[in-house]
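J.: Model the full assembly from the supplied sequences, consistent with the hints where possible.
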Amino acid sequence: MGYYRSLLLFFVVLTLSACDPQTRGFRLPAGDVEAGRATFQALACADCHSVADIKRSESNETDLDIVLGGTVTRVRTYGELVTSIINPSHKIVRQNPAQKVDVDAKSLMRNYNDHMTVQQLVDLVTFLESEYELYLPPRGW
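In our numbering, the protein residues as written are 18 to 158.
Check the hints yourself; a few may be wrong.
[Claimed, not checked] Think about it this way: if two alpha-carbon atoms lie no more than 30 Å apart in a straight line, the pair counts; the simulated DSSO-like pairs of lysine-lysine are:
1. K123 <-> K108
2. K123 <-> K72
3. K72 <-> K108
In case anyone wonders, no lab produced these hints; they're calculated from the structure.
T.: In structure tokens form, the structure reads like this:
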């Protein structure tokens with residue numbers, strides 16, 4: 018009888034933990050928002066992106082101004098932000114805006130995988146996460 022109670026308790030805990038959006042999915046260690054802001058600037062992300070009070074660089078050769086952060090109606094998950102940085106072609110190819118892809122339909126974003134430490138990635142994602150605000154429309158909207 019004790020075995021079945023333990024098994025039932027295990028499934029209840031597993032089910033409840035699956036309901037918490039903070040415990041689901043991919044997660045790296047905690048990062049530092051200010052270090053992420055510094056990484057955003059050090060890696061010249063502002064050449065093509067603006068976020069919060071960091072505006073796009075005027076010295077950039079492209080016309081891209083991809084705004085990050087702001088009010089959204091869907092949570093940008095930690096995993097989505099990590100994927101967007103380490104594999105920027107993952108979603109952009111499906112959306113296919115011509116001004117954001119090259120002739121091979123790959124993202125114009127530079128590949129930072131060989132130039133960024135894991136800690137910089139963690140801090141950068143923490144910074145970007147902090148810049149999104151979830152807006153839930155009223156029911157029946």
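J.: Decide if the proposed pair is consistent with the structure: K123 and K108, CA atoms, cutoff 30 Å inclusive.
T.: With Cα atoms ~10 Å apart, K123 and K108 stay inside 30 Å; holds.
J.: Does K108 lie within 30 Å of K72 when you go C-alpha to C-alpha?
T.: holds, 24 Å
J.: With the threshold set at 30 Å, check whether the alpha-carbon distance from K123 to K72 stays at or below it.
T.: holds, 24 Å
The structure fails none of the hints (numbered hints given earlier).
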